[in-house]
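Construct the entire structure; sequences and hints are all you get.
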Amino acid sequence: MNQKRILLSLEESVFSKNSDEVTRAVQAGAIDKILPSDIFKSLSKGIERAREQFRNGVYSIPDFLLAIDAYRRGIGFLKDYAVDITANNTECPPKVVIGVVEGDVHDLGKNIVAAVLEASGYQVHDLGRNVSSEIFIDALKKTQASILALSTMMSTTLDTMKALIWMVRKIFPAVAIIVGGAPFDMDLARQIGADGYAENAIAAPDETRRVLNNISTQIGFVA
Amino acid sequence: MKPIHILSDSVRFHMDPIRLLEHVSLQIGYPKIPSDRNFYGKIQEIIKEGHQKVRIEFAYKETPILSWNDQSVVAGGIVIDSMRWAELVRQMDSPGRICVFIVTVGLAVDQWIQEVQGRSMFDAYIADAFASVWIEFAADRLSMEIEKQYARAGLECSRRLSPGYCDWRLGIGQNAIFKLVQTKDMGVSCLPSGLMVPLKTISAVMFTGKRVFCKTPCVFCNDRACRHRRETPPVKAP
Ligand code: SF4
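Here the protein sequences line up with chains A and F, keeping their order. Counting in our numbering, the first sequence tops out at residue 727, every number present. Counting in our numbering, the second sequence tops out at residue 293, every number present.
Because the hints were derived from the structure by calculation, they are not lab data. No experiment lies behind these values; they were computed from the predicted model shown. Zero decoy hints are in this set.
Cut-off 30 Å, straight-line C-alpha distance, at most; resulting in silico cross-link-like pairs (DSBU-like, lysine-lysine): (1) LYS87(F) - LYS97(F); (2) LYS583(A) - LYS97(F); (3) LYS234(F) - LYS666(A); (4) LYS549(A) - LYS97(F); (5) LYS599(A) - LYS583(A); (6) LYS599(A) - LYS545(A); (7) LYS545(A) - LYS97(F); (8) LYS203(F) - LYS239(F).
In structure tokens:
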């Protein structure tokens, strides 16, 4: 297979939810001649097309997760070879700090969002679950991330989340904050001070882009 | 397909495999069992794997209802702060006792779902759905068993109420239940947020009495948008 065909095959395999095909494509002889950033782009294109299918009602959530699995198979290959996918990428991807707030350990949804954001070109720093506010603040400081993504499936952790958002606003006014999880709708997200709300993992990249644009405009305006 | 039997103490937890598959399908958003063979095969594999992990344990306690008003119900060692369920008790003929239970599918299931996430998000999604179906089934099965036992004594039961549902606040409700029921032996704990570990655990209370005219307070509840509404027309008092 030539390089172009390998890249097309990677994109198509992710889109058609076929992890085994991804393996076949990465095992093709010429793969080591291809820039890791190009491999990453092909895998991401596959995810973007899968997202489109979901939005159009063609793919179900399980379908989309199969596409995510295929994408992760490809990314796993890059990581196995200790390849930095951003090495040949001249653009600096926006950084996201993501985690489940303290008091909650439901992390399946958050993990799916993290994978989708990564596939959409964000550099994701996943702090895990039951994460204290101090750890979130620390991570924002260290990574200089422009987005904070918070998740909870419980209503009893909303006060903790609200307090954390308040602190982040004070310390990092330029950070855009999105929330997600069972208790939320857009109203509740606004009430606790978030900039945006992702209804599901598939919507997360669009919502992240929207809040990021909004906050940039605001900061620009204030300046 | 062979039926599944999971024995826990004296209650037998048996779930019909086809019904299980239907419920898992429903849980992942398919009204019918998916017809795609590949898809179906994957779901079956996860279900098979999951059955090795399920170990149902439960703890149970009953205590007499001491008093009630329009805000709450007071029973021995527990206060249920729910206006809606207090109304249900007010409508009962001779409220007697409350039954409180905590049931879990076990920590191994949580650990399994975490492990599965490492290899496949799709598998983890199915595994999570499988565990949710099992824990709901186990809680239903226990509720039915309690109802049966009470019926033998000529008494009736309400449906189950869990903290976080209707107007019983999660943190307050879990606190009340965990003070009453001993869970150390079954390995269930509760965080200050009200989250139970293992995740696939249900805690609940049922109200019993001579006649329970409404099984849930839905008939006199104004929350029209409630997703959990179970309309039960009141049984007319003789
Ligand atoms: S409608 Fe919903 S909130 Fe109201 S009593 Fe029924 S379950 Fe509870």
